[in-house]
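Line by line, the protein sequences give chains Y and E.
First residue of the first sequence: 1, per our numbering; consecutive thereafter.
First residue of the second sequence: 1, per our numbering; consecutive thereafter.
If you are wondering where the hints come from, they were derived from the structure by calculation, not from laboratory data.
These numbers were taken from a predicted model, which means no experiment stands behind them.
For each residue, glycine too, the CB sits at the ideal point set by N, CA and C.
There's no promise every hint is true.
Below are the SDA-like pairs computed for lysine to any residue, each with C-alpha atoms no more than 20 angstroms apart in a straight line [said to hold, decoys possible]: (1) Lys303(E) with Val249(E); (2) Lys97(Y) with Val249(E); (3) Lys137(Y) with Lys201(E); (4) Lys107(E) with Ala351(E); (5) Lys201(E) with Thr171(Y).
Derived DEER-like restraints, expressed as beta-carbon distance ranges [claimed, not checked]: (6) Pro132(Y) with Leu146(E): 24 to 34 angstroms; (7) Gln39(Y) with Trp41(E): 36 to 46 angstroms; (8) Cys40(Y) with Gly18(E): 52 to 62 angstroms; (9) Thr180(Y) with Gly288(E): 50 to 60 angstroms; (10) Pro156(Y) with Lys303(E): 35 to 45 angstroms; (11) Gly96(Y) with Lys364(E): 53 to 63 angstroms.
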Amino acid sequence: MATTENTVNERPLAGVIGYFDQPSQLIDAMTEVRKANYQCFDAYTPFPVHGMDAAQGLKRSPLPYVTLVAGVLGCTFAFSFEYWTSAVDWPLIVGGKPFNSWPAFVPIMFELTVLFGGLATVGAMFALNRLPNMKRKIFDPEITRDRFALAIEVPPAAVAQYKKFDVAEATEFLNKLGATGVRTVYAEGWF
Amino acid sequence: MSTTDVMQLSPDVLVTGGKTMTDINQDVAAPLERFPSGKWWAAFGVAILAFLIGATLAANMFMQGLGVLGLNQPNGWGVFIVNFVFWIGIGHAGTLISAILFLFRQKWRTAINRAAEAMTIFAVMTALIFPVIHTGRPWYAAIWLLPYPNQRQLWVNFRSPLLWDVFAVSTYFTISAVFWFVGLIPDLASIRDRAKNPIRKFIYTILSLGWRGSNKNWSHYEMAYLILAGLSTPLVLSVHTIVSFDFAVSLVPGWHTTIFPPYFVAGAIFSGFAMVVTLMVITRELFGLKNYITLNHLEKMNKIIMATGMMVGYAYACEFFIAWYSGSPFERFAFINRAFGPYWWAYWIMAGCNVFIPQVFWFKKARRSIPIMFVVSLFVNIGMWFERFVITVTSLHREFLPSMWRYYVPTWSDWGITLGSFGFFFIFFLLFCRILPAIAMAEVKGVLDLNSEAKEAGHGHH
C-alpha cells in the first residue's frame, strides 16, 4: 500500500522502488537515474548483472589492495616466526642445516600468505557490504528469485546536499523510465 | 569478447528443459523443503552405521594400542596414511571446479561447483581424522603439531614436511570453507525469502547475513569471489604438492622423486573428478536435478577424468624410466619390486583402474552413458586408493637389507576404520543435500540470462 507520508508505523521512508523485466532495461534505467543526479540509488538483482557497475558509476572495488597488504603481512609474519623460533629462541641443528634454513620455510610462508590474504579479503568484503546486518530487510522477497529492481533511496540527512529527495518526483521519474510496480518502501528489520 | 562470441565458443545449452529463474528456485529448494524420502533415510542410516563401526574400532584402538593395526617393522605407515592422501586428493576436484574453471571462464562449472566444493570440505575433514588418530593418542596429536610454546618451551620443527602439511591442509580447509560460504550467501538469501516456516526463515536469515542483492554489494562480492578463486588456485596445487613432500623429501627409494608433486596433483584431480561423477550421478537422480546437471556436464567431467588418467599413466611410466636411468640399484629394485614383487596385484589393480579402464571415454557413447561412467568412476576411486597403497606399502615393505623385508596385511581394524571414514563423509554430504542448496542458483541464473540475451538480441555486456 503506497503512501506518501514519511513514516509508516514509525519506520522511516527508505525510498522508491521500481521493477524492470530485463537486466538490459535495468542498466539503461540506471544510466538515466545516475545522469539525473540522484544521490542514493541502487539496483537489486538475483545475480550480478554485468555492466551495472559502469552504469551505476561504481568505482572498482578496493578489495585487491586489502588482499595485497594482508598477503604480504602473512608472508612476513610466517618468515619472522619461523626465523625467530628456529634461529633465535631455541636454535637447534636439524639435519645439519643452518639455523636460518629459509628454503624450508617457504611452504609455510606461502600458506600463511594465502590464509591471511583470503580471510582479510572476505572480512573486508563483509565490512564494505555492511554484512552481517540483521536490521535491514529486503524490499521484496522476489528480488532474490527473479526480479530486477531499481531503488532511488532517501539520502542520509547529513550528506543530502545535491538534490532534495521528493517522493512524487522520484516515482514519476521511475515510471517515465518504464519501471513497473513503482512504490515507496520503508526501512524494515528482520527482527 | 562479447557474449555472442562466448556463445559461439560454448554452444552447449547449460540448463535444459526451458527452465525459468523461478523454476530454478523451485527445483533447487524442493529437497530442502520436504520431508526426506525413504531412500535418503536408508542412505543416511547406512552412513551412520558405517561411521559407528569405524568409531567403535577406533575407540578400541585407543584402548588397546596401535598393535590392533597391521603395522609392523618396517611398515610404519599403512592404511591410515593411504586414506589421508586419498581423502585429501578427493577434495581437489572441488577446488579445481570452483576456482580454476572459474578463472578460465568455464560457465558449465556453475551446475556442479556447489556440490563439488561441499565434497572438498567434507573430504578434507575426513582426511584430517587420520593424522590425528594414527598416533594412537589423538588428544595429544591434535595440539602437538601446532606451534605454541609448550611446557618445555620447544618449538615445532619448521623444516619438516609433516609440519608443512599441517599448515597446508588447515589453510586449505579454512579457505575452501570460506569460499564455499561466500558462494552460498546469495542462495541462502533466496531460500530465506521463499521460506514459509518461521523457524526455517529464522535460520536462513541468520545464515544469509542480511544479503539483499544490492548491486553495490554484488560489486564487492564479485571482486572477493575472484580474489578467492585466484588464491585458491595456487593453494590447491600447493596442498597436494606438500602432501607429496611427506614422501618425496624422505630418502626411501620409490618415494624420493621429483615427479611426485605434479604426479600427486594430477592424481588428486583425477580421483576427485571420479568422486564428483559418482556423487553427481546419484544426486541428480535422487533430487530431480537432471536439467541442471546435464549429460553435457557429465561428459565434460569424463573428458577431464580421461585426460588426468593419462597424466598419471605417464607418471607411472616416467617413474620406471627414471629408476632405470638413475643407475641406482635400490631405485631399480624398488620399481621392479613394485610391479612384480609380492604386491604385484595392488600395482596392477592400480594400473588397470587408472590407466586402462578410463580409455573407454575415447568413445562418445561411453562418455554419455550414465551406467558406464558410474562404473568407471567407481573403478577410478578404487584405483586411486590403490595408487596410494602401492606408493606407501611397496616402498616400505622391503628395506635396504633383506632382514628387514616383511609383508604388510591390514587388519579388520584398518578396514573398519576406513569404512567409518566413508560413513563420516557421507553423513555430511547427505545432510548438505538436505540443508543447503546443492546448485549455485545465483550463478546458474547468470548463465541462464546469458543464453536468453544472446538468443534475443545478439548483444550483451561484458
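Range hint 52 to 62 angstroms: satisfied by the CB atoms of Cys40(Y) and Gly18(E)?
38 angstroms, violated
What's the verdict on Lys303(E) and Val249(E), does the C-alpha distance respect the 20 angstroms limit or exceed it?
33 angstroms, violated
Is the Cα-Cα distance between Lys137(Y) and Lys201(E) 20 angstroms or less?
13 angstroms, holds
Please check whether Gly96(Y) and Lys364(E) have a Cβ separation lying inside 53 to 63 angstroms.
57 angstroms, holds
Next pair to validate is Lys201(E) with Thr171(Y); report whether the Cα-Cα distance is within 20 angstroms.
31 angstroms, violated
May I ask you to test the hint 35 to 45 angstroms on the CB atoms belonging to Pro156(Y) and Lys303(E)?
54 angstroms, violated
Between Gln39(Y) and Trp41(E), does the beta-carbon spacing fit 36 to 46 angstroms?
Violated - the Cβ-Cβ distance for Gln39(Y) and Trp41(E), about 55 angstroms, lies outside 36 to 46 angstroms.
Honestly, do Pro132(Y) and Leu146(E) meet the 24 to 34 angstroms range at C-beta?
29 angstroms, holds
Within a Cα-Cα threshold of 20 angstroms, do Lys97(Y) and Val249(E) meet the stated pairing?
14 angstroms, holds
State, for the Cβ atoms of Thr180(Y) and Gly288(E), whether the hinted interval 50 to 60 angstroms holds or is violated.
33 angstroms, violated
Between the alpha carbons of Lys107(E) and Ala351(E), is the straight-line distance 20 angstroms or under?
At roughly 33 angstroms apart (the allowed maximum being 20 angstroms), Ala351(E) and Lys107(E) break the hint.
Taken one by one, the earlier hints fail for this structure at numbers 1, 4, 5, 7, 8, 9, 10, listed in ascending order.
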